[in-house]
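Those protein sequences? They're chains A and B, same order as listed.
Whatever position you read off the first sequence (first residue = 1), add 768 for this note's numbering.
Take the second sequence: its letter number 266 is residue 257 in this note's numbering, and every next letter is one higher.
Calculated cross-link-like contacts (lysine to any residue; reagent style SDA-like; alpha-carbon spacing at most 20 Å): (1) A:Lys1028 - A:Phe1040; (2) A:Lys949 - B:Glu261; (3) A:Lys899 - A:Pro915; (4) A:Lys1021 - B:Leu124; (5) A:Lys1028 - A:Leu822; (6) B:Lys258 - A:Val870; (7) A:Lys1028 - A:Ser831; (8) A:Lys874 - B:Met16; (9) A:Lys949 - A:Pro980; (10) A:Lys949 - A:Tyr873; (11) A:Lys874 - B:Ile9; (12) A:Lys1028 - B:Leu124; (13) A:Lys899 - B:Glu30; (14) A:Lys874 - B:Ile7; (15) B:Lys52 - B:His64; (16) A:Lys874 - A:Leu948; (17) B:Lys40 - A:Ile910; (18) A:Lys874 - B:Ser10; (19) B:Lys187 - B:Phe164; (20) A:Lys874 - B:Val252; (21) A:Lys899 - A:Leu922; (22) A:Lys949 - A:Gly871; (23) A:Lys874 - B:Thr8; (24) A:Lys1055 - A:Leu975; (25) A:Lys969 - A:Leu853; (26) A:Lys899 - A:Gly911; (27) A:Lys949 - B:Ile264; (28) A:Lys1021 - A:Ala817; (29) A:Lys874 - B:Val12; (30) A:Lys1028 - B:Thr128; (31) A:Lys874 - B:Thr262; (32) B:Lys45 - B:Arg234; (33) A:Lys874 - B:Ile250; (34) B:Lys52 - B:Gly232; (35) B:Lys258 - A:Leu879; (36) A:Lys1021 - B:Gly115; (37) A:Lys969 - B:Arg1; (38) B:Lys49 - B:Arg230; (39) A:Lys969 - A:Leu862.
Hints were generated in silico from the structure; no laboratory data involved.
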Amino acid sequence: MYIGKGRQRQTTIMAFLAPTVLGFLVFSFIPILRSLYLSFTSWDILQPAEWVGLENYRILLGSEEFWRVMRNTAEYIVLYVPLMLIMSLGLASLLNREFRGVGAYKVLFFLPVLTSWVAGSLIWRWILNHKYGLVNILLGYIGIEGPPWLDHRLWAMPGIVLASVWKDVGFFALIFLGALKGINLEYYEAAEIDGASRWAKFRYITLPLVSPTTFFVTITSIINSFQVFAQVQIMTNGGPAGATQVIMERIYKYAFQFFKMGYASALSWVLFAIILVITLVQWHLQKRWVFYDG
Amino acid sequence: MMVKRTCLLRTVLFYITISLVAFFMILPFLWMISTSLKESEAVMVLPIKWIPEKISFKAYKDLFTISTMVPFHRAAFNSLVVSILTTFLNLASASMAAFALAKFDFEARDRVLFAFLATMMVPGAVTMIPNYLVLRTLRLTNTFIGLVLPSIYNAWALFLLRQNILAVPDSYFEAAIIDGATPFAIYRHIVLPLVKPILASLGVLTFMGTWNDYLWPLIMISDPDKMTLTLALGNLNSRWGQRWELLMAGNLISMVPIIIVYAFAQKYFETGISVGGLKC
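Given the sequences, and given the hints that come with them, work out the whole structure.
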């Protein structure tokens, strides 16, 4: 389209783009290059940066800490992703019908999503308290002695996962609900005529037809899992004994508490590489198990 | 439809199921409210009492008075200012660029779009350190401007807006062009009103994302007078980690404004999520 004339037009375009382009250069493009450069240096902010080549990456990949962080994240993903997928799809199926009060129920399920990670984490730090926490008290009612959750090396990560699922399930349920509403009802009517059971309808109609959404949700939630921060920082601060240290928490601590800017930058590039690889692998796998209708 | 067809028993079962799920989802909040209304000594007492024997607002009062702590009303005010500024800057900058990139043909356009798209893949962790460093050089740490400024560039909002502006037929602008309207007048009086719903969705999501953000303010702000609510809560947690009634009262206060925004703009939250997902 043609608005304005000649040189005036040039000025107009530049004026409209100026804030974004300036922001892009100062807060995205140059920082990306600078971060890459920093990752090859040793720098504590006070002394001049010293070029160390690949040293940061060598130390990082050889450190016990990095692999512990990866194991912790793997544990988080293995627990979080399936639990979240099942619960959010289940919740969406419950909400995918017309009934009185559907709006009110939606609000209730959405409340944790509106809550900040800080507030949500504080609530769960209290709920998971060993002796006075609600979870262990409820478990006590049915005769189970609850574990010390956040104070225990083995139970801290599952505790963080519980909090995270509670916080995120409403969000992903809303996304699944959108997908379920998009399914053509004729499929179900045809299946009913053929005498299909509820399970068969779910398994052979619903699941394949929401698979693009399942795929999207899986990628998103795995990528998010690598960037978990506030819940760890608030609930355990990485403890006990490093059992809940994760990569964002490490980047934050190395950069802003230990002032090792170079090493922290190297960590952030490893995170970037991981996210990139996951995205590429999943795009490749997508062809095998995602079914697109029509 | 389904409810009408099935018998009463199934309806009842359905309501029981969904109410149970809802109950467990909001149980943590009920527990939070209950704890916040207790006196210190009544918090860690077994068996638990959902309704405190003596309902006390002491925790709420303490939040605003305990001296070594960030005053909570100050933090709430800071959060409000930062969230509004961020939302405004983000929407203004993104919508202007989106208009230029949607409705003006110029040589470098595709290259600009590609550059923006490419940076969307880079996680915030990569840019966070250099962004802090550049704002530190500019002496903008511990200021709201420094906290807000990076939101001037938001590729995600930009692409979403551009898509919507692209869908507006050119004929909408032609009359205005013939009448000699300036490009800014066209942006202000034709483009913005037309993309209002998407601006509203982006606006509420940005507001909420900023209100709830923790990491970026944690990096940028150390001056107690400039702290946002999430930072104040984080501080409260590290200093008074076992005073649960205090923590839960602070939590509740921090949640109220977002719930109010949600109540008034539920529709926009839902469209925002369905078109682009949540960015926080």
